[in-house]
Amino acid sequence: MQSFALTVKCKSTRGIVAAISAFLATNGCNITDSAQFDDQETGNFFMRISFQSEEGKDLTTLSENFAEVGERLGMDFSFHDEAEKMKVVIMVSRFGHCLNDLLYRWRIGALPIEIVAVISNHFEYQKVVVNHDIPFHQIRVTKENKKEAEARQMAIVEETGAELIVLARYMQVLSDEMCQKMSGRIINIHHSFLPSFKGANPYKQAFERGVKLIGATSHYVTADLDEGPIIEQDTIRVSHAQSPADYVSLGRDVESQVLSRAIHAHIHRRVFLNGNKTVVFPASPGSYASERMG
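Taking numbering that gives the first Met the number 0, the leading residue of the sequence shown gets 0, the next gets one more, and so forth.
Don't read these hints as lab results, they were simulated from the structure. Among the hints, a few may not be true.
Distance ranges between label pairs, derived from CB positions [claimed, not checked]:
1. A154 x D132: 16 to 26 Å
2. G73 x E207: 17 to 27 Å
3. Q137 x G27: 42 to 52 Å
4. A154 x A82: 23 to 33 Å
5. S33 x S62: 17 to 27 Å
6. S174 x N26: 37 to 47 Å
7. S248 x I30: 39 to 49 Å
8. L212 x I30: 33 to 43 Å
With a straight-line Cα cutoff of 35 Å, these simulated DSBU-like cross-link-like pairs (lysine-lysine) come out [what the hints assert, rightly or not]:
9. K8 x K84
10. K276 x K145
11. K276 x K86
12. K146 x K126
13. K86 x K180
Backbone N, C-alpha and C define an ideal beta-carbon position, used for all residues, glycine too.
All chains should be modelled from the sequences, with the hints used to inform the complete structure.
Right under this line is the structure:
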């Protein structure tokens, strides 16, 4: 049996869950996991359902049959094949901890994505990327060639059919045009527990303020620097006895984990944009399982 997911966003009204459940049952589908959220402040309703098509109906047929329900209830809906891996482009500069972590999780199947390219403005990670049989593209970025460089980056995204860009410590600010074109499809990792300590050296700022917790934030990229909707955050405890270098080292681990969790949520269609915020549903059973251990 094929496993599918249905995502729904619409205005809250009576009978949404009943209509969806009745449709799936009528079309020979069995629900295996379900999550929903009714935002009382905005009046928006969000739902994600995992189900199996026990009678062999495919996504096209289900989507076409569901159109009447969706139109009647004003739904923005989409059906997805849970076995299909999302195509991803990773962008990186000179800090490689997040890239290496993602490559490892991808290699063992813990992060079920298809990495179609890695783009960097430097050459440091060319060998490690090529050794994974992944295309590597070095695109130098300066103030003078920024528009041309982004055009080359977007050409790679379009040619590969990538649905998501991951900024794995890519230390270049993207243009407003690129942010708008890929809205909701660029995930960044910020080495700070936003909204505190923004900018180039948040760990130094945190050290100087004597904080007891440092952390990282993964968010969607928007034209407002580091202001995009937050997907995932985490922290780690530090003490007065540790140095700024300790903060950086400890922070790298948090950054890697937070970024991978944000990507995991996005590729499994668990994240919904809700104005300046996100709705992030829990992972379905079995979605963290790796294809192999090691």
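Which of the listed hints are broken here?
2
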